[in-house]
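Protein chains in written order, with my numbering: chain A, 1146 to 1261; chain B, 106 to 219.
None of these hints come from the bench; they were simulated from the model. Hints are supplied without guarantee of correctness; some may be wrong.
[Stated by the list, open to error] Cβ pair distances, simulated, as ranges:
no.	chain 1	residue 1	chain 2	residue 2	range
1	B	108	A	1153	44 to 52 Å
2	A	1219	B	184	16 to 24 Å
3	B	219	A	1202	44 to 52 Å
4	B	173	A	1259	34 to 42 Å
5	A	1230	B	146	16 to 24 Å
[Unchecked claim] Keeping only pairs whose Cα atoms sit at most 25 Å apart, straight-line, the calculated SDA-like set for lysine to any residue is:
no.	chain 1	residue 1	chain 2	residue 2
6	B	154	A	1248
7	A	1223	B	206
8	B	154	A	1174
9	A	1160	A	1248
10	B	163	A	1148
11	A	1223	A	1251
12	A	1156	B	145
13	B	154	B	180
14	B	174	B	124
As the structure is a computational prediction, the values presented were derived from the model and not from experiment. Even glycine gets a Cβ: it sits at the ideal position worked out from N, Cα and C.
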Amino acid sequence: GAGVSQTPSNKVTEKGKYVELRCDPISGHTALYWYRQSLGQGPEFLIYFQGTGAADDSGLPNDRFFAVRPEGSVSTLKIQRTERGDSAMYLCASSFSGSHPYNEQFFGPGTRLTVL
Amino acid sequence: AQSVTQLDSQVPVFEEAPVELRCNYSSSVSVYLFWYVQYPNQGLQLLLKYLSGSTLVKGINGFEAEFNKSQTSFHLRKPSVHISDTAEYFCAVVSSGGSYIPTFGRGTSLIVHP
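Isolated chain A, as found in the complex (with noise of 0.2 Å):
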């Protein structure tokens, strides 16, 4: 495609409830990001892969969140027994090679999640 598409576009969900968040990057890019942005807040960084592996995971906070990118393309951030405090837009971000600054980060349009 040709922009960082994410799906869904919003996501309404239970607390304990498991969930899934989708990123397909720009095609080619081998860096994709993850980030969090609660409201009136700036986006948060969560994982960094390069490629199939998470070459920097220090932002995700705690354990009940994972990301995967199975195929070094699309990437699914997973969030198991949600709650209250994950409510926030996932913004996902994908460069064409590396996280050096010098290789701009193009963004998708988010995922909203709202946990009841």
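Put chain B on the given structure of chain A with help from the hints.
Relative to chain A, chain B alone:
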């Protein structure tokens, strides 16, 4: 550790007036600096970035920013704003070395009135 402070949460301005959105950063090493714009229900879009060289950086949509190392600032400016510039603006810093992960500020909401 790196951090970013955007001093104004909201900046109202009239159309065709100049605007400055302030950004200050903190880092113990050299930095790369960015400004992003986010329109309602859209992802972030890069406006401009400072990587090296000239401290005055020009970006898209007529925006520019100046890197001031002594004041640890990277303020965003536009000489004449349009209604369509109404959006959320985020400053971000990346410290050299490591995995180059950006830290974003809380954002400044630019509201352009007719």
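### Query
Among the hints numbered above, which are violated by the structure, and what are their numbers in rising order?
Numbers 1, 2 and 9, in rising order.
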